[in-house]
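Q: Here are the chains, one letter per residue:
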Amino acid sequence: MSDEGGFDLPEDAVDYVDVETFEQILEMDDGDIDREFSRGLVLGFFEQADTTFEEMNESIKKKDLQQLSSLGHFLKGSSATLGLFKVRDICEKIQHLGALKDEKGTADIKEDEALRQITKLLPKMKEDYAAAESWLKKYFAVDDDEGEEDQPRSI
Amino acid sequence: MEGEGGKGGNSTLTTGNTSDFVKKLYRMLSEKQHAHVVRWSDNGGSFIVFDNAEFTKNVLPQHFKHSNFASFVRQLNKYDFHKVRATDESLIQNGDQAWEFVHPHFRFGDDSNLEGIKRKAPTQRNKKDSEEPPKQDETKELIAKLQARLEQVCAQVDTLEDLYHKTVSHMRFMNGSGYMAPQMHPHHPEHGMPIHLSPQIMAHQIPPHGPPQIHPATPLQQAERFMQQHPPIPPPPPPHHQNGYVDMNANGMNNAGNPAMNLSGFGNTAAQSGVPLHATDPQISTTFRQEARRPTGPRKKSASGGLAPHWKRPPKILLVEDDPTCRKIGLKFLEAVGCLPFYACDGLEGIRKFQDPNGPHYDLVLMDIVMPHLDGASACGEIRKERPDMKDPPVVAMTSNIRTTDINLYFNSGMIDVLPKPFTRDGLLQTLQKWLPHLQTSTEPSSKTTAFPPPGGAKASNFPQNSPNSTPTQTQQQGPQPASASPVLKTEYDNTTNSHAEDDIDDDDEMNGRNGQHTPDSSVGGMVASSSAVSGGGGVSHPHAGHPPQQHGHGHHPSGDYAFGESNGPPGGYGGPGGTGGVEGEMLSASAGIYTPGLVGLGGPQLGGMASPRGGVRRQLDAGIHDDYDSRIKRMRYNAT
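Quick note, the sequences are listed as chains A and B, same order.
FYI, the numbering for the first sequence is 1 to 155, going by full-length UniProt numbering.
FYI, the numbering for the second sequence is 1 to 641, going by full-length UniProt numbering.
Bound conformation, chain A alone:
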């Protein structure tokens, strides 16, 4: 497959991204060696994810399940778009749990239970995200301070 795609994805790509989805995005670079598009997309996602995680933490503190559900939905969309299936799946669970459903979205659950389960899921999601993030950063040769380059800073 990678022959056809010509993206030379590392073999471990499948552990982190849905290859087809991801390659489809890479395709949009249209041969640009800098990968301006996909790289920017991914960097943008990192910021989005960071923000969302913070908001999720806040919402946990406030026990705002509805907000958690909504944040889950939000991040589900973008992670799915990039093919980050692990993050996406957990986001979906959070979306359901926040809406007082079990993680499959089937049965009703109580608030306490929802909150408990989300609290349990969050670290897992961050872990999965961190793994995907570092894989992506490696793939795009992003170093850690890159995301902040647009802020003036001393060097």
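Hints are computed from structural coordinates only; laboratory data are not their basis.
For glycine and all other residues, C-beta sits at the position ideal for the given N, C-alpha and C.
A couple of the hints might just be wrong.
Simulated DEER-style distance windows between Cβ atoms [as the list claims (entries may be wrong)]:
(1) B:E115 / A:I33: 24 to 34 Å
(2) A:E113 / B:P372: 20 to 30 Å
(3) A:I60 / B:E141: 56 to 66 Å
Below, in silico cross-link-like pairs of lysine to any residue (SDA-like), each with a Cα-Cα straight-line distance of 20 Å or less [what the hints assert, rightly or not]:
(4) B:K57 / A:A141
(5) B:K65 / A:D143
(6) A:K138 / B:F64
(7) B:K57 / A:I33
(8) B:K65 / A:A141
(9) A:K138 / B:K65
(10) A:K137 / B:Q62
(11) B:K83 / B:I117
(12) A:K138 / B:K83
(13) A:K138 / B:K57
Stretches of chain B that chain A covers, calculated by requiring three or more beta carbons in the stretch to come under 8 Å of a beta carbon on chain A [stated by the list, open to error]:
(14) 32 to 43
(15) 60 to 72
(16) 160 to 171
(17) 412 to 425
Using the hints provided, position chain B relative to the given structure of chain A.
A: Only chain B this time, still in chain A's reference frame:
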């Protein structure tokens, strides 16, 4: 060579306004250890890379954390550095491998001007990016003229279209079909059992008196609740005004009575993504899984490596999406398939942009559902208040929520189709082709790959017996199309109304990244319309899964703020004179529950003659299910059995 290089280095380099790239560059040159590879020129007015390979291998990684010379050069270009043309003298002095770069503010020992080195403005940047010849003045003039002309033409078109739509609605009322804008009211509990819920209930095998709000888990249902609290649409008109929807509901019920009701419209769309929709249990979230379609069919690449279709002009698409990542990729995909994308970041902004009298006349709206401020279904309802014709323009829901209730919600708010998220480029393209047949060129050399059969083909007669109104349908695509749109398209990004998120990103773009990347949105901002390339491209028009991989070089780069697409045929306006019946027929079929798209695309050539909306409808109603299309296509069925 310049021994004091380090001295100038650090005084203002710490100030905030100099871009990182320039700082790095300056620091790099301040280091003597690389002097044999890269250094200031003798007069200090430029710098020279003597050994490209060595520089790429050793210096770039150290200072720019990459080892890509081309990228470095590109970045230099973006900051308006210029390569100094080699002269005989310099060749002797520096060798023929040397690259010398100059920027008026970038001088040895003088870092006071570094702040003046900025990324170029978008126009220039994009032009440089695509290495356009610098004929800017002429071009600008031309652009100005064309723009003026375009505006005239657009105004004219809008007037004509308004007139047309008014006429159409008059005719509708006169001929008794009395179609009204879709109403959200069925969702109001106080109206009693919402009739539209019946399919869902059936699918559920829940007694008809079951509460409609049984699974509020999805955001969609939250949206629904939102709308119940804030009805976006005034109270319903008398029942006889709703024939279209009553028909639909009746149909829905009929279908629902049949245990194997087929949600054809969405099924097909979903199917085009190859996603199995087991909507049997609506409580199971039907988030689309990309993996689901992975194992089958040729690789994606071969499909999307194909050419964008021939559009008579690039369709103007409004993408309403709050998620920046989805928005960027959505815009990019739209661009890649030859459209002119515009965007809004939530439902309210979507409405605003849609209704902006100075805005473009959008050919189609892609609407996310769950959004802050105003959800997509409500936004669509609002749009339909003024533009009751479901195809004017088609509003397609983009969502991962495709439960029965959700789908009903979309329809009832005037949406015509669903594009499951996350969508693929091909899925998007198919949806566009399905709903914008009037913008496709019909005479394509390689029509075997075209999803749409010749307009008005045989299937028109197959249209289901929904209503007598449906018979004229066939004229819709055949009718002479008024040459109403300008062949010239203004392709600038829609900056007239604010799209905050993007703007932010654009600002960031100023200093974004050492690799010369700029953000996707800003690249879209350069706007698209690879139209000329696309429409002038080869004959292959539809990237079918079955095609051999076909990488095409043209097109996707925003090559400037403006691009012009020559129409290669009379531009299709909205429905020709013969369009009325067609529109109505389409609506009725849409209201039949479920719009059936023609199995546009995926099925590939073998689908041939049935790939039209009406053909699809007919098949759906007659046969209930499709079994004969591409194996990639999974159906969405309601297996209430």
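Q: All hints are to be evaluated individually against the structure, with a verdict given for each.
A: Verification of the hints:
1. Roughly 29 Å separates the CB atoms of E115 of chain B and I33 of chain A, a value that falls within the hinted 24 to 34 Å.
2. In this structure, E113 of chain A and P372 of chain B meet the distance hint of 20 to 30 Å, their C-beta atoms being roughly 27 Å apart.
3. One distance hint, 56 to 66 Å for the beta-carbon pair I60 of chain A and E141 of chain B, holds here, with the actual separation near 59 Å.
4. Only pairs whose Cα atoms come within 20 Å are accepted, and K57 of chain B paired with A141 of chain A is accepted, the gap being roughly 15 Å.
5. Taking the CA atoms of K65 of chain B and D143 of chain A, the gap is about 8 Å. The hint holds against a cut of 20 Å.
6. Among the hinted pairs, K138 of chain A with F64 of chain B is consistent with the structure: their alpha-carbon atoms are about 15 Å apart, no more than 20 Å.
7. Distance restraint check for K57 of chain B and I33 of chain A: the Cα-Cα separation of roughly 17 Å lies within the 20 Å cut-off, and the hinted pair is therefore satisfied.
8. At roughly 8 Å between alpha-carbon atoms, K65 of chain B and A141 of chain A fall within 20 Å of each other, so this suggested pair holds.
9. Of the supplied pair hints, the one linking K138 of chain A and K65 of chain B holds, its CA atoms being roughly 12 Å apart against a limit of 20 Å.
10. As the CA atoms of K137 of chain A and Q62 of chain B are separated by approximately 17 Å, the hinted pair is consistent with the 20 Å bound.
11. Under the criterion of a C-alpha separation no larger than 20 Å, the hint pairing K83 of chain B with I117 of chain B is consistent with the structure, at around 15 Å.
12. The suggested pairing of K138 of chain A with K83 of chain B is violated, with an alpha-carbon distance near 31 Å, which exceeds 20 Å.
13. For the hint pairing K138 of chain A with K57 of chain B, the CA-to-CA distance comes to about 18 Å; that is within 20 Å, so the pair holds.
14. Using a Cβ-Cβ cut-off of 8 Å, 0 residues of the stretch 32 to 43 of chain B lie near chain A, which falls short of the minimum of three, so the contact claim is violated.
15. Counting residues of the stretch 60 to 72 of chain B whose CB lies closer than 8 Å to any CB of chain A gives 5, so the stated coverage by that chain holds, three being the minimum.
16. Counting residues of the stretch 160 to 171 of chain B whose beta-carbon sits less than 8 Å from any beta-carbon of chain A gives 0, not enough to reach three: the coverage restraint is violated.
17. For a cut-off of 8 Å, the count of residues in the stretch 412 to 425 of chain B with a CB near a CB of chain A stands at 4, and the three-residue condition holds.
The earlier numbered hints that this structure contradicts are 12, 14, 16.
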